[in-house]
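**Q** For the protein sequence lines, the chains are A and B, in the order given. Residues 559 to 794 in the numbering used here are what the first sequence spells out, letter by letter. Residues 559 to 794 in the numbering used here are what the second sequence spells out, letter by letter.
Derived from the structure by calculation, the hints contain no laboratory data. Predicted model, so just to flag it, every value in this text is computed and none were measured. Not one of these hints is a red herring.
Just so you know, same-sequence chains aren't split out, so a pair can sit in one copy or run between any two.
Dumping the calculated DSS-like pairs for lysine-lysine here, alpha-carbon to alpha-carbon at most 25 Å:
1. 783 <-> 713
2. 778 <-> 638
3. 774 <-> 664
4. 710 <-> 778
5. 638 <-> 775
6. 562 <-> 775
7. 664 <-> 778
8. 562 <-> 778
9. 721 <-> 710
10. 713 <-> 694
11. 778 <-> 704
12. 562 <-> 638
13. 761 <-> 783
14. 761 <-> 664
15. 694 <-> 721
16. 694 <-> 623
17. 664 <-> 639
18. 694 <-> 664
19. 704 <-> 714
20. 783 <-> 710
21. 710 <-> 694
22. 775 <-> 714
23. 562 <-> 761
24. 774 <-> 714
25. 705 <-> 694
26. 714 <-> 694
For reference, the chains in residue letters:
2 protein chains.
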Amino acid sequence: MSGKLYLIPTHISGHPGDQLPPATVECIYNLQFFIAERAKTARRFLKEIDHPLPMSEITVFEIPKKQNYRYLEEDLNHLKKGHHMGLLSEAGSPGIADPGAEIVRKAYEMSIGVVPLSGPSSLTLAVMASGLNGQKFSFHGYLSPKKEIIGKDLKKLERAAEKDRGCHFFIETPYRNMQVLEAAVLNLKPSTLFSIQCDLLSKNSYSMTRSIAEWKKSAKPGLHKRPTVFLIQSGG
Amino acid sequence: MSGKLYLIPTHISGHPGDQLPPATVECIYNLQFFIAERAKTARRFLKEIDHPLPMSEITVFEIPKKQNYRYLEEDLNHLKKGHHMGLLSEAGSPGIADPGAEIVRKAYEMSIGVVPLSGPSSLTLAVMASGLNGQKFSFHGYLSPKKEIIGKDLKKLERAAEKDRGCHFFIETPYRNMQVLEAAVLNLKPSTLFSIQCDLLSKNSYSMTRSIAEWKKSAKPGLHKRPTVFLIQSGG
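Same shape as in the complex, but just chain A (with noise of 0.2 Å):
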């Protein structure tokens, strides 16, 4: 019998074994084979929550930049051959805003059975704490890499918010945050809501949801290089 492809949440901020389900702790000792982006990061993560084998008889494999489906069917021949296996994230769940979704669409192919484990995801947290629309919302990924249009995107998701009513989300590589509130309190309407949620789990973490016009007129907080998500809702 197949064995089973765990997909494991790693920790956003601070210490692992602080922001990981008993469950999903478990479930992690009992594994042995790892796919992961980075070998060296997923082992220091296995020994931070005090992984019960020596390091020595777990293999990670890592995941290729470029995404190389032979490769991916040879290790995930292991689950083949009845071992289970863990998906790693680097931060985060796997598969959201993060390398892994052509694993386990690869692993339903092989009739591999998937199962998802529970942890931090930033991006849920954001929309929890944003108050925007929880029935109805969007991610984007990440804006365009081109500095001026950035407006240009904004306006586009402004477009998209008020036409459906949700709430529309996005991140930013973490140096050009501020160029982001910068752009929007520049080129959204007074009206729009706009929020930041910054360093999640973080002890210096920062929610705020205002309008527009409430931006401009507020003090704005640091974000430069710490990791944020922005979200947008029509206000009208």
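Position chain B relative to chain A; hints supplied.
**A** Then chain B, alone, in the frame of chain A:
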């Protein structure tokens, strides 16, 4: 100084202590005032996680069915007096496919700090386990309550998925799950990817992603009355 509003997820299957991270449980232990949909389930949850205070010293405010903002403000005044409060969901993460968003928005208006805590979310788990696009996804809440238009609703989501290449997902009242599956097989294109994520985190969890052409040939899982998330992506 004002207290903070903590957003508290609860378990979606099994025992809450297994599914909540230690940092979340520790935070709940320090709270004495809660807001919840139903005081009875909230109190049961607090007992199950062994809240150190006797239940007689814990206050649970119920969210009125029809949002009553004056009422909300009165409850949130406890925060103004310096008490911390916890907003508890019935299952999963508060404010996500769940009431609570209005309370969070009100807290921001009253300049009360909002702190989201990590815990299970069936929607996040479903996106992870679908293997579908985790860089671009849209949650649509419930389909139309009219049975005869489930097929139309599904085609609308399929068109949206073709247009933006993202993953589109929704939930249904659990007794209509089998109707959704039948309508999907009947109405969607053979190449469209359709994912079923059922009873996540339970021992009987079921996760599967296939094209509609493959679903046509496959035995259908029994989803009746089991909490399920459905996900669609264009396979073209």
